[in-house]
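Colleague: Here is how the chains run, residue by residue.
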Amino acid sequence: MASYAQESTVLATKKNEFRVDVLSAIVDSKASLSYERFFGKDFSSGINVNFSNSKKLNNDFDNGYRNNVPKFEFNPFIRYALSKSKSRYYFAEIFGSYNGGDFKEIIRLVDQNNIGYYTTLKSTYTDFGIGGSLGYKMYFQDSIALEFIVGFGSNLFNTDKSPDVISRVGLNLGYRF
Amino acid sequence: MKKIKYIVLVLIAVFVSNCDTNDDGFYNNVFIDVPNLVFLDPHANTYTVGEKLFMNANFSRYLNENATPIDIFKTTGATEFNFSYVIEKQSGSNWEVVTVNDSQLDIVSGNAQNGSYVYGFCKYNPSDETYKYRVGFPLLSSGTYRLSYGYNSDSNTSVELRSESPATRLVLNINSLVTGVDDAGYYNFTVN
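In order, the protein sequences belong to chains P and D.
Going letter by letter, the first sequence gives residues 0 to 176 in numbering that gives the first Met the number 0.
Going letter by letter, the second sequence gives residues 0 to 191 in numbering that gives the first Met the number 0.
Be a bit skeptical, because a hint or two may be false.
[What the hints assert, rightly or not] Here are the simulated DSBU-like pairs of lysine-lysine, each with C-alpha atoms no more than 35 Å apart in a straight line:
{"#": "1", "chain 1": "P", "residue 1": "Lys103", "chain 2": "D", "residue 2": "Lys122"}
{"#": "2", "chain 1": "P", "residue 1": "Lys55", "chain 2": "D", "residue 2": "Lys122"}
{"#": "3", "chain 1": "D", "residue 1": "Lys131", "chain 2": "D", "residue 2": "Lys51"}
{"#": "4", "chain 1": "P", "residue 1": "Lys55", "chain 2": "D", "residue 2": "Lys73"}
{"#": "5", "chain 1": "P", "residue 1": "Lys13", "chain 2": "P", "residue 2": "Lys54"}
{"#": "6", "chain 1": "P", "residue 1": "Lys54", "chain 2": "D", "residue 2": "Lys122"}
{"#": "7", "chain 1": "P", "residue 1": "Lys54", "chain 2": "P", "residue 2": "Lys70"}
{"#": "8", "chain 1": "P", "residue 1": "Lys70", "chain 2": "D", "residue 2": "Lys73"}
{"#": "9", "chain 1": "P", "residue 1": "Lys121", "chain 2": "D", "residue 2": "Lys122"}
{"#": "10", "chain 1": "P", "residue 1": "Lys40", "chain 2": "P", "residue 2": "Lys14"}
{"#": "11", "chain 1": "D", "residue 1": "Lys73", "chain 2": "P", "residue 2": "Lys160"}
{"#": "12", "chain 1": "D", "residue 1": "Lys73", "chain 2": "P", "residue 2": "Lys103"}
{"#": "13", "chain 1": "P", "residue 1": "Lys121", "chain 2": "P", "residue 2": "Lys54"}
{"#": "14", "chain 1": "P", "residue 1": "Lys103", "chain 2": "D", "residue 2": "Lys131"}
{"#": "15", "chain 1": "D", "residue 1": "Lys88", "chain 2": "D", "residue 2": "Lys122"}
{"#": "16", "chain 1": "D", "residue 1": "Lys73", "chain 2": "P", "residue 2": "Lys121"}
Calculated from the structure, these hints are not laboratory results.
Keep in mind the model is a prediction, meaning the values are calculated, not measured.
Next up, chain P with everything else stripped away, as it sits in the complex (with noise of 0.2 Å):
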């Protein structure tokens, strides 16, 4: 009982964290960093920026499977703890989302000879989202931070291009001071 009062007030006294998403860099060759700032007894916000350059997507993206392909993110956020305790707890959070990526769309064009052909069109998009997250968070030695993280959210204007659904999946690695 002491040492989780003696751990809740050191956490206390920190109130900045940052994180890098392991999982996504080895699994979708994504850099993934997140800051956040605790205020008060259970809110916090924070940033998460995303950068991706995923083999696996880029050929889908080629081979027609998808006709678009993230790129970046920036996810704003809002987070709520669920739970007493200040080293072990879940969190639920809300998030918006600026993204954007390649698009590929199929036209028709006409040569110089007047016989038309199709081919694909490669351009950008960009996007707003909003969505939510659930999370479970540990800490060790009151500054190492573990975080599972996993949401859903929609794209809001430009869902011709963008994808329709926004994820954020993530298994957190971070330093809290």
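Given chain P's structure and the hints, the job is docking chain D onto it.
Modeller: Chain D alone, transformed into the frame defined by chain P:
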């Protein structure tokens, strides 16, 4: 117990991260309608045993799509278009698929494989810029037969030709109306 908890967390994370949230589908498909690309040799509906039923295709890389020309080779880069048809023989009240060895097919141009259906390949000839197929199917026994094109098509009365495109190129699906079939999509014939 704690270790198991962490392992489960990692496994769930890996599983969920592999869920593809992009819209499903194949986006390199193009569909057009061009009638009468595939046809049988003109023949009365009665054949004799030992005769061959010749299926043909002979179309230019330049086709008319809604009265405007389209270059299907430039679109796909494909040197082959495939299509399929089925030959069945009546056995009592049932229809049974007729199969022969590939070596028994009389392949004049293009290529063909025979299994539960005949899988035909129209081959591109760069010299005259046409795709060609001419394959004779041996009629080895007497009886009542029927031929249909609908095995890989959505419609009974049309055949779907699909380009064998290189990996990153567009795949062209040509829906081609066929003549000489009844409303159910069968060409009925007899072998004596």
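Colleague: Run every hint past the structure and note whether it holds.
Modeller: Now for the hints, and whether the structure bears them out:
1. Restraint check for Lys103 (chain P) and Lys122 (chain D): satisfied, since their Cα atoms lie roughly 29 Å apart, inside the 35 Å limit.
2. Restraint check: the Cα-Cα separation between Lys55 (chain P) and Lys122 (chain D) comes to about 32 Å, which is no more than 35 Å; the hinted pair holds.
3. With a CA separation close to 18 Å, the supplied pair Lys131 (chain D) and Lys51 (chain D) stays within the 35 Å bound.
4. For the given pair, Lys55 (chain P) sits about 27 Å from Lys73 (chain D) by alpha-carbon distance, which is consistent with the 35 Å threshold.
5. For the given pair, Lys13 (chain P) sits about 38 Å from Lys54 (chain P) by alpha-carbon distance, which is inconsistent with the 35 Å threshold.
6. About 33 Å separates the Cα atoms of Lys54 (chain P) and Lys122 (chain D), which keeps this hinted pair within 35 Å; it holds.
7. At most 35 Å may separate the alpha-carbon atoms for a hinted pair to count; Lys54 (chain P) and Lys70 (chain P) meet this at roughly 12 Å.
8. Restraint check: the Cα-Cα separation between Lys70 (chain P) and Lys73 (chain D) comes to about 30 Å, which is no more than 35 Å; the hinted pair holds.
9. With a CA separation close to 30 Å, the supplied pair Lys121 (chain P) and Lys122 (chain D) stays within the 35 Å bound.
10. A C-alpha spacing of about 11 Å is found between Lys40 (chain P) and Lys14 (chain P), which places the hinted pair at or below 35 Å, so the restraint holds.
11. Using a Cα cut-off of 35 Å, the hinted pair Lys73 (chain D) and Lys160 (chain P) holds, with the two alpha carbons roughly 26 Å apart.
12. At most 35 Å may separate the alpha-carbon atoms for a hinted pair to count; Lys73 (chain D) and Lys103 (chain P) meet this at roughly 18 Å.
13. A hinted pair counts as satisfied when its Cα atoms are at most 35 Å apart, and Lys121 (chain P) with Lys54 (chain P) qualifies at roughly 17 Å.
14. For a cut-off of 35 Å, the pair hint linking Lys103 (chain P) to Lys131 (chain D) stands: about 32 Å separates their Cα positions.
15. For the given pair, Lys88 (chain D) sits about 29 Å from Lys122 (chain D) by alpha-carbon distance, which is consistent with the 35 Å threshold.
16. Between Lys73 (chain D) and Lys121 (chain P), the direct Cα distance comes to roughly 18 Å. Compliance with the 35 Å bound is thereby established for this hinted pair.
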